[in-house]
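Asks: Generate the whole structure from the sequences, applying the supplied hints.
Here is how the chains run, residue by residue.
2 protein chains.
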Amino acid sequence: MSLIVMKFGGSSVGSTERMQRVAKRIIKTKEAGNRVVVVVSAMGDTTDDLIDQSKQLNPNPPAREMDMLLTTGEQISVALLSMTIHQLGSQAVSYTGWQAGIVTEAVHAKARISDIKPTRIFNALDEGNVVIVAGFQGMTEEGEITTLGRGGSDTTAVALAAAINADVCEIFTDVDGVYSTDPRVVKCARKLNSISYDEMLELAHLGAAVLHPRAVEYAKHNNVKLVVRSSFNENEGTTVKEEAVMEQGVVVSGIAFDKNVARISILGVEDVPGVLAKVFGALANNGIDVDIIVQSGVLEGKADFSFTLSSSDADRAIEVIEGIRNEVPFRETTSETNLVKVSIVGAGMVSNPGVAATMFDAISKLGVSIKMVSTSEIKCSCVIAAEPLNDVVRALHTAYGLDTAEQVFVGGPSERR
Amino acid sequence: MSLIVMKFGGSSVGSTERMQRVAKRIIKTKEAGNRVVVVVSAMGDTTDDLIDQSKQLNPNPPAREMDMLLTTGEQISVALLSMTIHQLGSQAVSYTGWQAGIVTEAVHAKARISDIKPTRIFNALDEGNVVIVAGFQGMTEEGEITTLGRGGSDTTAVALAAAINADVCEIFTDVDGVYSTDPRVVKCARKLNSISYDEMLELAHLGAAVLHPRAVEYAKHNNVKLVVRSSFNENEGTTVKEEAVMEQGVVVSGIAFDKNVARISILGVEDVPGVLAKVFGALANNGIDVDIIVQSGVLEGKADFSFTLSSSDADRAIEVIEGIRNEVPFRETTSETNLVKVSIVGAGMVSNPGVAATMFDAISKLGVSIKMVSTSEIKCSCVIAAEPLNDVVRALHTAYGLDTAEQVFVGGPSERR
Chain A
1 MSLIVMKFGG SSVGSTERMQ RVAKRIIKTK EAGNRVVVVV SAMGDTTDDL IDQSKQLNPN
61 PPAREMDMLL TTGEQISVAL LSMTIHQLGS QAVSYTGWQA GIVTEAVHAK ARISDIKPTR
121 IFNALDEGNV VIVAGFQGMT EEGEITTLGR GGSDTTAVAL AAAINADVCE IFTDVDGVYS
181 TDPRVVKCAR KLNSISYDEM LELAHLGAAV LHPRAVEYAK HNNVKLVVRS SFNENEGTTV
241 KEEAVMEQGV VVSGIAFDKN VARISILGVE DVPGVLAKVF GALANNGIDV DIIVQSGVLE
301 GKADFSFTLS SSDADRAIEV IEGIRNEVPF RETTSETNLV KVSIVGAGMV SNPGVAATMF
361 DAISKLGVSI KMVSTSEIKC SCVIAAEPLN DVVRALHTAY GLDTAEQVFV GGPSERR
Chain B
1 MSLIVMKFGG SSVGSTERMQ RVAKRIIKTK EAGNRVVVVV SAMGDTTDDL IDQSKQLNPN
61 PPAREMDMLL TTGEQISVAL LSMTIHQLGS QAVSYTGWQA GIVTEAVHAK ARISDIKPTR
121 IFNALDEGNV VIVAGFQGMT EEGEITTLGR GGSDTTAVAL AAAINADVCE IFTDVDGVYS
181 TDPRVVKCAR KLNSISYDEM LELAHLGAAV LHPRAVEYAK HNNVKLVVRS SFNENEGTTV
241 KEEAVMEQGV VVSGIAFDKN VARISILGVE DVPGVLAKVF GALANNGIDV DIIVQSGVLE
301 GKADFSFTLS SSDADRAIEV IEGIRNEVPF RETTSETNLV KVSIVGAGMV SNPGVAATMF
361 DAISKLGVSI KMVSTSEIKC SCVIAAEPLN DVVRALHTAY GLDTAEQVFV GGPSERR
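Chains A and B are the protein sequences, given in the same order.
Counting along the first sequence from 1, when you hit position 17 you're at 17 in full-length UniProt numbering, and nothing is skipped either side.
Counting along the second sequence from 1, when you hit position 268 you're at 268 in full-length UniProt numbering, and nothing is skipped either side.
If you're looking for bench data, these hints aren't it; they were derived computationally from the structure.
Nothing here was measured: the structure is a model prediction, and the numbers come from that model.
Hints should not be assumed to be uniformly reliable.
Which copy is meant is left open, so a pair is good if it fits within one copy or across any two.
25 Å max Cα-Cα, derived DMTMM-like pairs, lysine to aspartate or glutamate [unchecked claim]:
hint, residue 1, residue 2
1, Lys-117, Glu-127
2, Lys-371, Asp-315
3, Lys-55, Asp-45
4, Lys-117, Asp-289
5, Lys-55, Glu-17
6, Lys-117, Glu-142
7, Lys-24, Asp-52
Replies: Set out below in structure tokens:
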């Protein structure tokens, strides 16, 4: 007998038929002799509808009241799913986040889970119930209702799995698992049987549609075994765990990419201590995330440096930099948008020299110039122009031996919460 | 400075405009120097929509899960109302039933409030907030979410008013107050300025559209001053309290009526001790409410008796009676449907002899026969055929001097919860 956490997203329970299919799958898992805890998101468009309603009354509502509003979405889901399980002849009990003992920090809209008190869950399991917990929500020590922000339901599932020491946390989605790259770009993308937490985090941009990075971090930290699998079939899915089984000859597990990248360069900066801290401190204070940073050598006491960030933040970032010109004198800024970042990811890279060289070679053979490079132990990223992205991804996928004979069909990514 | 509880029903907050109007009224009350606690029901059709959704998945869902589902309706209302108040520049905080400290018995769908712990409400008031509490809901000592059943939001308002020792509990509705009779029947019906709890309870059938009887009972028991008033204007409304000011010369305060009454007679019952207890015990065990009971004299050891009940229960009641024929032998049953009960209600009746005689006289002058009579200290009820009901009500309204010069316009009764 295993203790299993099963997590279903909003699109999995978005209609009567889908709700019934999910209920049957849960009952089947229970009847196979397992103890089952289910985490579920708000159904289909519920959250968007609630947000629309609120905007009509207050375009900028207090976060506390928004949490009061939005948590009803998951409460509706859990109640209806429990009723459906009862209708199919099995036994279930639904809990809100606070009833399930999920305690969060005193922050609204993006609280972090600080504790889980699973007594009620264990009692309900002992009474023979499937336990259904509302994802995305919790309660502060003071009894305020909070939400966990994006990826919240995945995080709820992983945190619950850690708290009750579950054997596995299954994340159900509309694809078969985690792929070597986006199957919409590379038709012969390979479904990965297993992958490490770190690789999964690096593949986050591919994985965002199937697993939220925050949940992966939580799983890594608490050593929770994750399985990403389809809610439409019984295929095995992808296992995410600490020590992924290295597949024979596979050094690179996947190709990730990030669209809408911009580069900003600050030229002729006076090279005094603390310059970088001032620039990136100012950007961080304005909520602007910076990705790759490259500094060139210093010439005549002046330095050039460049960094990448999301295209949508580029204009604001330049304003911020101009705003600190008094503190950080420089000659000029230049910027370039319509870039992408493509990355090869693999836990085997660290022990295989020459992996990055294969990447540079494959890209240059396409006549594409590499604008920036960044490497870590398990990945190598290149910033290139957006236009040849698909060709580059396909070339890399082939170069690292990831192509399969089969072609995969995958629909659009589901909404995540 | 007064401490005021204001209760708004679902139709009062059923649209963006209505929500804004309610918010303005609340802010105005607060800015007049009062401390304000608001109780609100689910918006418009929310509850019905949730019930419809659940029926598709389980036609007979567990009451516990239904409570989980339906309580989201009020949680949505309180969050949106709070946001609206913030948008209008004032300060508010919303609470679910459990956050407001409303503790109920461990019964689903129709729990009774067992305790209210108002610490959070007082703290929030002290911080300058309007406090908005979800009606119709509470939590058991074990942390299960419960609902209070029909009239639940009125009951929440009255119970909160009692717990925080409010100066008044204002129930907002779409009519100006409690009327001497249904203005749809008698155009010159009189709005009552004040009325006692007992009279209000007897007028329940008129009052059901403006105030739930259970809330009146709770108010009486806890001596909470109620005001029933319009959410559309600033008129004074009707005050319901222990000692209503008797209006000059008014002995009868109002004319109530109850449609869809049936009479069942059991003829030739053996007159042995405990017969009545057996019959009405069996009916009660089957959830059938009986109203007026009349027993004729005993002839040759056999008795006849008759009782009234809701028309919709008549067939089932006869089945129940036939089912206990072995224990309670009788000759036959007869029944009559399409009857009504009309009642005069007034705290002054007890000290004014001849009040009932005026009623019988007025009815007989219309050529209508009285089938059954029942009296108490503050009312006299007659069961008559349904067809002449409106004429009888108008005649009684005139006979007791209740007619006013003005004509009242009143829309249909609002949905109550």
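Asks: Failing hints, ascending?
Replies: 4
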